[in-house]
Amino acid sequence: MDLSSSIKEFGKLIAGANHILMVQPNPLDTDSIASSLALKRIFEKLGKKTSAFSAKSIPESLRYIPGWEEFKAKLPKDFDAAVLVDGEPQRELVEDHKNIFSSKPFVHFDHHKTRPAFPFPVMEVVDSKASATGELVYQAAEELNWLIDKEIGELIGFSIMLDTVYFTTPSMRPRTFETLTAITHLGVDIADLFRQDMEVSGYDLDLLKYKAQLIDRIEIHAEGKIGFVVIPREEYEKYKDRLRPMDLIIYDIQRLKGVDLALVLTEQPDGIKGSMRANVPIAGKVAKYFNGGGHDAAAAFFVQNGNLEQVKKEVLEVIKSLI
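For the sequence shown, the numbering used here assigns the number 359 to the initial residue and increments by one for each residue that follows.
No lab work stands behind these hints: they were computed from the structure. Glycine residues also receive a C-beta, built at the ideal position from the N, C-alpha and C atoms. Just so you know, not all the hints are guaranteed correct.
Computed list of lysine-lysine pairs in DSSO-like fashion (alpha-carbon distance at most 30 Å, straight line) [said to hold, decoys possible]:
1. Lys646 / Lys670
2. Lys435 / Lys596
3. Lys456 / Lys646
4. Lys567 / Lys598
5. Lys406 / Lys435
6. Lys508 / Lys643
7. Lys598 / Lys670
8. Lys569 / Lys646
9. Lys366 / Lys403
10. Lys432 / Lys403
11. Lys456 / Lys598
12. Lys508 / Lys487
13. Lys646 / Lys583
14. Lys615 / Lys643
15. Lys671 / Lys569
16. Lys615 / Lys487
17. Lys430 / Lys414
18. Lys471 / Lys370
19. Lys670 / Lys615
20. Lys471 / Lys671
21. Lys596 / Lys567
22. Lys583 / Lys471
23. Lys407 / Lys456
24. Lys430 / Lys370
25. Lys678 / Lys487
26. Lys569 / Lys598
27. Lys414 / Lys615
28. Lys670 / Lys643
29. Lys569 / Lys508
30. Lys487 / Lys462
31. Lys403 / Lys462
Here are the computed distance ranges between Cβ atoms for each label pair [what the hints assert, rightly or not]:
32. Asp454 / Lys615: 45 to 51 Å
33. Asp599 / Leu404: 18 to 24 Å
34. Gly616 / Arg553: 33 to 39 Å
35. His377 / Pro424: 21 to 27 Å
Let the sequences and hints guide you as you build the complete structure.
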């Protein structure tokens with residue numbers, strides 16, 4: 359089914375629903391939260407009852423997004439349809455609550471090229487060419503004649519700004535700029551969105567000193583084509599609520615001359631998270647090998663209960679085979 363047809367089917371589903379549940383993915387990020395809240399506001403303007411679910415708490419670093427506190431860990435039972443925005447489903451969604459979600463219409467609303475697996479039927483509204491899910495929110499609203507105001511426009515702006523790393527990724531396209539132009543006509547001040555983000559994501563001195571440690575630990579492989587660093591679990595636990603540690607270093611690695619792919623492996627309580635930013639189109643292919651997802655320029659994967667050294671060895675071999 360083409361995108362326009364998918365959007366029309368999505369519109370029919372929303373029109374027939376009374377209570378819509380917005381569901382957060384794993385991992386949480388600005389695009390997932392802001393896009394989900396933008397859709398939630400649109401549905402409320404349509405007269406729908408809405409709820410928001412996330413088994414994982416919203417980290418402090420993302421609490422500048424207006425409405426973040428609406429996501430609750432308690433799952434309502436009386437919703438008519440669920441919408442997962444931007445990414446892989448949380449484990450609780452596809453395991454602990456599988457029976458509930460398999461009995462209701464479920465929509466995967468996303469812009470990632472790689473599709474996650476669901477243990478129940480899913481309606482897909484996916485545009486892998488969109489710069490961010492917020493861009494797809496605007497397109498759907500435009501095609502379905504849904505009202506967008508300044509508040510919704512700001513959420514779309516946050517989504518695009520952060521998912522394109524302040525409008526610098528290859529995913530920026532004419533439609534992206536058209537969307538940004540449209541929301542500025544609603545009164546959205548892009549510079550103010552940037553200021554709000556910087557107030558939260560700016561470094562304290564201890565984070566800057568920690569970044570220096572990460573820089574000192576960078577490894578270079580494949581004759582300079584792979585830049586790589588490991589974040590141990592204790593560091594992940596220490597900093598995760600203030601800023602994802604990988605965000606401190608991955609873009610600096612990507613900017614090293616000669617690097618084709620920047621890789622950060624993070625030890626988490628239940629496994630190893632691999633995050634990649636690429637200067638050649640291979641990140642999505644590497645992620646797919648490990649059942650992860652994303653784009654050719656930015657992708658991630660998770661190896662549950664993985665051994666760090668084994669994952670490191672395997673992922674480096676996969677990358678070397680592609681560059």
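To see whether the hints hold, each was checked on the structure:
no.: 1; hint: Lys646 / Lys670; result: 16 Å, holds
no.: 2; hint: Lys435 / Lys596; result: 35 Å, violated
no.: 3; hint: Lys456 / Lys646; result: 24 Å, holds
no.: 4; hint: Lys567 / Lys598; result: 16 Å, holds
no.: 5; hint: Lys406 / Lys435; result: 16 Å, holds
no.: 6; hint: Lys508 / Lys643; result: 38 Å, violated
no.: 7; hint: Lys598 / Lys670; result: 21 Å, holds
no.: 8; hint: Lys569 / Lys646; result: 29 Å, holds
no.: 9; hint: Lys366 / Lys403; result: 18 Å, holds
no.: 10; hint: Lys432 / Lys403; result: 24 Å, holds
no.: 11; hint: Lys456 / Lys598; result: 28 Å, holds
no.: 12; hint: Lys508 / Lys487; result: 25 Å, holds
no.: 13; hint: Lys646 / Lys583; result: 20 Å, holds
no.: 14; hint: Lys615 / Lys643; result: 22 Å, holds
no.: 15; hint: Lys671 / Lys569; result: 24 Å, holds
no.: 16; hint: Lys615 / Lys487; result: 27 Å, holds
no.: 17; hint: Lys430 / Lys414; result: 9 Å, holds
no.: 18; hint: Lys471 / Lys370; result: 25 Å, holds
no.: 19; hint: Lys670 / Lys615; result: 22 Å, holds
no.: 20; hint: Lys471 / Lys671; result: 26 Å, holds
no.: 21; hint: Lys596 / Lys567; result: 14 Å, holds
no.: 22; hint: Lys583 / Lys471; result: 24 Å, holds
no.: 23; hint: Lys407 / Lys456; result: 22 Å, holds
no.: 24; hint: Lys430 / Lys370; result: 27 Å, holds
no.: 25; hint: Lys678 / Lys487; result: 26 Å, holds
no.: 26; hint: Lys569 / Lys598; result: 14 Å, holds
no.: 27; hint: Lys414 / Lys615; result: 37 Å, violated
no.: 28; hint: Lys670 / Lys643; result: 16 Å, holds
no.: 29; hint: Lys569 / Lys508; result: 36 Å, violated
no.: 30; hint: Lys487 / Lys462; result: 28 Å, holds
no.: 31; hint: Lys403 / Lys462; result: 22 Å, holds
no.: 32; hint: Asp454 / Lys615: 45 to 51 Å; result: 46 Å, holds
no.: 33; hint: Asp599 / Leu404: 18 to 24 Å; result: 35 Å, violated
no.: 34; hint: Gly616 / Arg553: 33 to 39 Å; result: 34 Å, holds
no.: 35; hint: His377 / Pro424: 21 to 27 Å; result: 22 Å, holds
In terms of the numbered hints stated before, the structure departs from hints 2, 6, 27, 29, 33, listed from lowest to highest.
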